[in-house]
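**Q** Since the structure of chain A is provided, determine the placement of chains B, C and D on it from the hints.
Residue numbers (my numbering), protein chains in the order written: chain A, 5 to 377; chain B, 12 to 339; chain C, 4 to 590; chain D, 45 to 678.
For the record, the hints were derived by calculation from the structure and aren't laboratory data.
Please read all numbers here as calculations on a predicted model, not as lab measurements.
The beta carbon of each residue, even a glycine, is placed where N, CA and C say it ideally should be.
Certain hints may be false.
To be verified - Pairwise CB distance ranges, derived in the manner of DEER restraints: (1) D/Glu525 / A/Ile59: 23 to 29 angstroms; (2) C/Gln144 / A/Phe211: 54 to 60 angstroms; (3) B/Ile24 / C/Glu368: 46 to 52 angstroms; (4) A/Ile59 / D/Val527: 23 to 29 angstroms; (5) A/Phe211 / B/Ile16: 16 to 22 angstroms.
What the hints assert, rightly or not - Here are a few chain D residues that sit away from chain A, every Cβ distance over 10 angstroms (derived from the structure): (6) Thr177; (7) Glu285; (8) Pro372; (9) Glu510; (10) Lys581.
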Amino acid sequence: MSEENKQETAQVNMANLRGGIEYASQWQLMWARFRKHRVAYASMVLVALLYVVAIFAEFLSPFSPEDPSSRTVYQPPQVLHFDGFKPYVNKFTLTRDPVTLAPTYVKTDEKTYLEFFAKGYEYKMLGIWETNLHLFGPKEQGEKMFLFGSDKLGRDMLSRVIFGARFTLSMGLIGVILSTVLGIALGGVSGYYGGKIDWAIQRLVEFILSLPTIPIWLALASALPRNWPPHLVYISVTVIISLIGWTHLARVIRGKFLAMRGEVFVIAAKLDGCSEARVIFRHMLPSMASHVIAAVTLAIPSMILAETTLSFLGLGLQPPAISWGVLLKDAQKISVISNAPWLFLPGVMVVISVLAMNFFGDGLRDAADPYSH
Amino acid sequence: MLNYIFKRMLSAIPFMFMVSLTVFILIQLPPGDFVDSYAAAAASSGETISPEKMADLRHQFGLDRHILIQYFYWIGGIVTGNFGYSFEWQSPVKDLVGERIGLTLILSVAAMLFTWALALPIGVYSAVKRYSIGDYFFTFVGFIGLAVPNFLLALVMMFIASKYYNQDVTGLFSPEFQSADWSLARVYDLMHHLWIPMIIMGAASSAGLIRILRANLIDQLYMPYVVTARSKGLSEVKLLIKYPVRIALNPFVSSIGWILPNLVSGAVIISIVLNLPTVGPMLYQSLMSQDIYLSGTILLVVCLLTVVGTLLSDILLVILDPRIRLEQ
Amino acid sequence: MVDTVNTSIQTPSSDIILDVRNLKTYFGTGDKAVKAVDDISFKMMRGKTLCIVGESGSGKSVTARSILQIVDPPGKIMGGDVLYYGKDPKGQNLAQLHERSKEIRSIRGHEISMIFQEPMTSLSPIHTIGNQIMETILLHQNVDKAEARARAIELLRRVEIPNPGVAIDKYTFEYSGGMRQRAMIAMSLACNPKILIADEPTTALDVTTQAEILALIKELQTSYGMAVLFITHDMGVVAEIADEIGVMQNGKMLEFGSAEQIFYEAKNPYTLQLIDSVRKLETSARAARGSRATDKKLMEIRGVSKIYPARSTFMGKANPPFKALDNVSLDVFEGENLGIVGESGSGKTTLGNCVIRVLSCSGGEVLFRMADGRITDLAKAKTGELRQVHREIRMVFQDPFASLNPRMTIGQIVGEPLLVAGTHTGEALRKRTEELLETVGIPGAAMERYPHAFSGGQRQRIGIARALALNPRLIIADEATSALDVTLRSQVLDLLLDLQDKLSLSFILVSHDIGVIRYFCDRVAVMYKGQVVEHGPAMKICSAPDHPYTKALISAVPGTHPRDKRIVNRHRYDAEAQASGIKLGGN
Amino acid sequence: MRLIPSRLAVAVAAVAVVAVPSLALAYNQAPMLANNKALPPVDQRLPAKPQVIKPLDRVGQYGGTLRTAMRSNNDHNAILRVIGNQSLVRWGVDGFNKIEPNLAESWTISPDATSYTFKLRQGAKWSDGTPFTADDILFSMNDVLANKGFLSAVPADFQPGGTPVVVTKTDDYTVVFKFAKPYLPFLEKLATPVDQYPTLFQKKYCSQFHPKYNANVADLIKQNNAKDWGQLFRNFCGDIEIPARWGNPSKPVMDPWVIKEPYTGSATKVVLERNPYFWQVDTAGNQLPYIDRVQFQLISEVETILLAAINGQLDYQQRHISGITNRPVLSENMARGGYKLLPSAGINANQAGLWLNHSTSNAKLQKLIRNKDFRIALSHAIDRREINDIVYLGQSQPWQSGPHKASKFYNEKLATQYLALDIKKANEMLDKLGLKMGSDGFRQYPEGGRVSLGMIVMISNAALMETSELLRKHFSKIGVELVINSSERSLFYDRANTNQYDISLDVFSGGLDPTMNPRPWLAIHATESRMSLPWVKYYLTDGKQGEKPSPSMLKRLDLFDKWQVAKTEAEADGLFKQILEEAANEFEVIGTVMPAPNTGVINKRIVNTPAIMPDGWTWPTPGPSLVQQWSFVK
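Chain A on its own, in the form it takes in the complex (with noise of 0.2 angstroms):
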């Protein structure tokens, strides 16, 4: 840095050293450590992708999720194909077996056009304006098309995976900060202070971790009042889920804090004065905020799984609701699997999901310390 710049630097460090909060260093470090991992530099970005999805729903969704239609039943999905550089699909009509009644499609050759920033169903983005604008659809506001093909009642499955994404990923996220928020506030007392406390939180989480998994998932999930709507019983799953999940990284900040209580660097600062807060969280924290990101970036894959299984068992969110657990649970039949196996592409979506944040986090966890060798 040339001269006149690191002085300054130096006067905006010093600015707000009072803050004391700039440690960049930390963190540019890291950053760079994580890059080299290409595999999860890809999966983060996949990640983002995944939530930008979840967050605008409505606008990147071509048809609304629950409007059924009698002539679309169990579309097979639709190839995209380009007429010079005007993407179309090939429309089909809808015959049915009268002997078997399976629904059989045959390709006709006119063509839906399609284009980006077409005119769809009326929604309100992020809650604020009313717009009818989608990222793409068909260019005739009334025509259909099925990237992802359609379900019994004939709705657009593109449409029901990226609102699924919504309540599954948003589930992944909000029970995690739960189990964190818990994990860390548990741990760390229990870490730091020792003694009584720590014994009584330890047995606790040995009490928690003994029970097994899903039939306490199914006790609680069943002990539910069923009359709440979706939202509500979404919520509380959610809680269930974080319930159980807060026990191994309360473990690991336990571990983090007993290890750090006996730094020098603590010992030096509890000498200089500090308050046990301020030795906590300037001190303790900082460094393990990288581990406890990892932690996290791996908790939130087992809580997507755990909505989906208790949605397999009829638990979890229920129809009206759409979650990739309730879309697969749906699609759990031999005729589904038979004569509409597109049905399992929400499967798909989780599998992606969860191997991508399992690689995030494994990156994260490795560029974790930069001052390891």
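**A** Just chains B, C and D now, with coordinates in the frame of chain A:
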């Protein structure tokens, strides 16, 4: 060692008591009781049950008494070996659970052995050959095992097995062996049916185990005692097996503590889909229909399995690692 | 760049056991490669001890390991020859052998064996000592298990480990520091090697134990007639045992010659500086600058004791309660440098921690006269009062790397005490921090950089700057210099003395290094097993002590004159106490 | 659990009979029984005049095992359905229109329809060889059913108008059922499975668990740690609808097959073997049943049952897989599974009926629901063709709540009024009711607030869930908001019974059995007549509790009381037709579509199965089609 085990057993008693209380209350939480769900189930298949018959049934099952009285009746019974009556089957819970626990254990242990057989070699390989193509490949496969929801995997595998290999998928035994007593042919038939559930249950937990073994082994590979061993003239392979792998095995062994409960509870889902006669489907049904004594007993047994599992892994750890045994 | 040293001392080839020529070992490839060993040549004579000395990072340890090709990855031997004449008189070039070949493996542990610095981590934690020794025997000699076990027991007896029949089945953590190193030596002698490479074997040991081990190696060398390649950074040890000496720095061999030539006719300035910095610690700088001690009592330590309760081990066998401090009484006078010396386990660090209340003591009182004259008992002070005390008594820590928070800039670290006390904010805080750093010789502009950007010595200076932040009256330095290279040690001590003169400070220096104590302190207290066995003026204690333990301690300190070797005629304090070193659980 | 081994009882009977010289055997028996030495010859096992059954297609062949599947819990009635309920009388093979003699050879009804005299089939024997006599019926009716220790009250079907039936016998083979008031529907009730009590318990075997006949029943109770003699009795002799009915191999029965591998909690399959003493023969004199064994495979997951059927591992399966959605996958795998399709017609009046709650707690809405025009408007808003195409693959037809054409009570208006899709007319009618359209596209009450209907649906019924989502779209087109509260089964009933709903989407019963299940037109069933449960309470407590029904309902309830005590068939049918006419005029509840035909599977090599049979519980499919005359042919 013995008094340690005895002490652990003693501390397990209050623990199990607390578990049984929690479990019992959990089961009673949903609105309505067994008779309601029985009436609902009957009604949904067209048969209707009059209100006074329902009151009759409630009296019969003793459901009109206060929760705590029911609990102490149950716990009192357990102490004397009577686990109570299942409402639905009208037969003692002990017999119902007795037969199925055996198969659950067989399935879980088989899945655990499969997990270890898979995780040990892969874990060692990907640690020694860090960041090689093999390492990335196995990590990827491991994560796939972790990522695919097991009920989906179960259904698809079952469909393929029955459609293309016309494998009988209606249970752990083909019909003629179902109630036959144990014979070699029956064991072979069991093996023939066991491989699908074993793979599914093993896939997820082996991924976790590979990650742990790989991380521990990497730490041990560059320890000074490895350099000492090399300076003594030991060959790389002998050196690898005797020192780093041996020490990295300790957490691997202590994984029994958390693998057993996961497998048992994981088995619930897979048994439902694959229709295996384990405690899984019975637990799910009894929870749904609030057959309290039956589901309470199963949950209690599963928790007992967990406690035993953790104790087993602690003991194994002590045997394997002298540092814990002798040093404070 | 110093010209390459001529090593062509013509001696008949028959008694050369090892001839290393233009050895190059690099880490990494291309221009970024680290040249750990850069074109080193030397010869080892049969039955003689060659010492290679150099500071950390000089490449001495990599040289030793290159001989047996057990360099940690990514290190690789790039060139040069290592001719070994032990097995095949015409010489075998070890450098050409592939690192996994059978030939090199038949030499490792059989012809040439090695011992390391930290036996605790160099021996397997979960295999018995016997198992690891028998492994070498069974590997190279075709004998059955019973025979191998008998040989192992014999070896343990050779290295003076008491009742070896029982010791053979014990684990590493059940041995004391010295005993572990003896077991390591026994293992290396399993197959009567012709060369023993010792990579800083005594650096981690107390001075008395170090003396025992050096004597043992000397005695085994003569009885086995083997050559010893001794790697160390301690010139005192070199003076005591070396027949020939090689001085290394940054991968180069600066000087090579007999002990006489190096110690008395050294030509290379770096060698001279090494010798001088060791000799310097045989004088007292404090005395040279004139004592600033007054007779006003600053602190009175009365009957302080610290007892750790008995803890039952896993199997229920409870070991007795451990008395770390046993009724210690000491006075500290204003302006004085009080030294507390003792070996590991003597309780010196515990005393330091109890005084500043990092640990609470089980009994006794620590009276301290505050700046405003009030006398407070630190042992029973409440947190509020304690905070005021911690402004007047500050601490400097041993490990420079661990004592600075890696995630804060050094400006923030040094400024923390001021920030917390609220005495300075904003610009005033920045100026005061810069001033503090300047006083300890660190450029103010470096405030924005992080601890990982500084060397050990610089970090220790930053630690000192932090201690000075609140204008303390007493600084407790707990082994403040023991983690530094010998050349830096005296510089830091000089810095502390300068500060003392400028800021009228008093010091309590806790150390195991007699040289440092003699150089820095006015008065010294000697501790052994939690008790103060003797105290008095530094010069008297360090030259003519009264108490037998102090005598043993002082006599075990290696001198810096090959001509009057001191270890060989050292005084041994209750030998059986030393010998019965196997106590349950290291401390 | 074996107390007095039935073998002993058999031996005693055999000794008494062997003395008779072996006549030229008029009847022949299944080869399977040939090697069973303990059995007397077939002629002595059959009654003097065994009932002759004419097989539907042709005389069958003996042998084979009928493999079918059932769910592993709460599905015990699957066994009753296949084995069939052997009552005094039975339904005709093709449906509800005819009652045929079964265990009773003949019967006479008193002119005032208050007393029924049944002549029993002489010589018919229980499965352990003991003769079936009037004493068994008296034991079942007077000693068990009437005993407070067994049931707190005699079932309603046996105490019409509150006074229990009086059962007496004039001789060993004649029994008289005397009612206080005329009780015409008694015969039909007897044919239904829930009223099989008279012929359920054998006096000789079951009396050992009855305090009146066995003094030391107390230690038996302790021995089997039962709570009281009722539970002990049920464990050994079972009851109409409990798993224990199929749990005791040594319990004597009159059914064509006898339990061999009992149905217990941990069983993975239930096997029944032919009853050597079964009292029916075919036209060629062969003792029925043709099939040797019936095997029920216990499977927990419905999809696995479907997979087993496709795989050809099941010979007969209707339950759980006959839904219309499985029709494509079943028909595609016919060749592979070696089966042919077995269609059956649902007996419900409507597959997805809208029970509008006339006493909903929401006062504004209640006034609207009670207004006929609002109901007509809602009906016109429903696009029944779309429901039929999507949910029932176009196999059903629009229908309201009336009985089917096949039933003699078919009422053209009640079945087909207001079926047409007419959004314009619906909107006009709603406008006339003063429900102005709000800005958010939904209508508002005159006094403010959006018109919103909360509809409860059972989560486990996929067809109802899909129909509800379609209805929501249809109603939104006329500005009426429909909120779907899908819920677990047990909660569905909990909420329905506590009146927390505006609409309940559920089947309308009474399509083919209107007199048996008149629930959509009469507020008489405590949990199922959901047009208004408070009205039901009013009716059941004679006005002391609940809420006074609408004038039209009061008129219908009065007609129903008269119907119950009608003396002649003609009088009864006339009254019932008036009830249906009144219901049609009121148009209380709205229907969507008739039940679509269900399709089960039956092994290609099985004959004598009816072309189409009803699919219900009062006609316990496939029992009344006489499974004992089904036969494998090579």
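**Q** For every hint, state whether the structure bears it out.
**A** Cross-check of the supplied hints:
Between D/Glu525 and A/Ile59 the beta carbon distance is about 28 angstroms. The supplied range of 23 to 29 angstroms therefore holds. Checking the proposed 54 to 60 angstroms range against C/Gln144 and A/Phe211 shows it holds: the Cβ atoms sit about 56 angstroms from each other. The supplied range of 46 to 52 angstroms is met by B/Ile24 and C/Glu368, whose beta-carbon atoms lie about 48 angstroms from each other. About 27 angstroms separates the C-beta atoms of A/Ile59 and D/Val527, a value consistent with the hinted range of 23 to 29 angstroms.
Between A/Phe211 and B/Ile16 the C-beta distance comes to about 20 angstroms, which sits within the given range of 16 to 22 angstroms. For D/Thr177, the non-interface assignment is confirmed: its Cβ lies about 50 angstroms from the closest Cβ of chain A, beyond the 10 angstroms cut-off. Taking the minimum C-beta to C-beta distance to chain A, about 25 angstroms, the non-interface status of D/Glu285 holds against the 10 angstroms cut. A cut-off of 10 angstroms between C-beta atoms contradicts the statement that D/Pro372 is not in contact with chain A; the least separation is 4 angstroms.
A Cβ of chain A approaches the Cβ of D/Glu510 within 10 angstroms, the least distance being about 6 angstroms, so the stated non-interface status is violated. For D/Lys581, the shortest C-beta to C-beta distance to chain A comes to about 23 angstroms, beyond the 10 angstroms cut-off, and the non-interface label holds.
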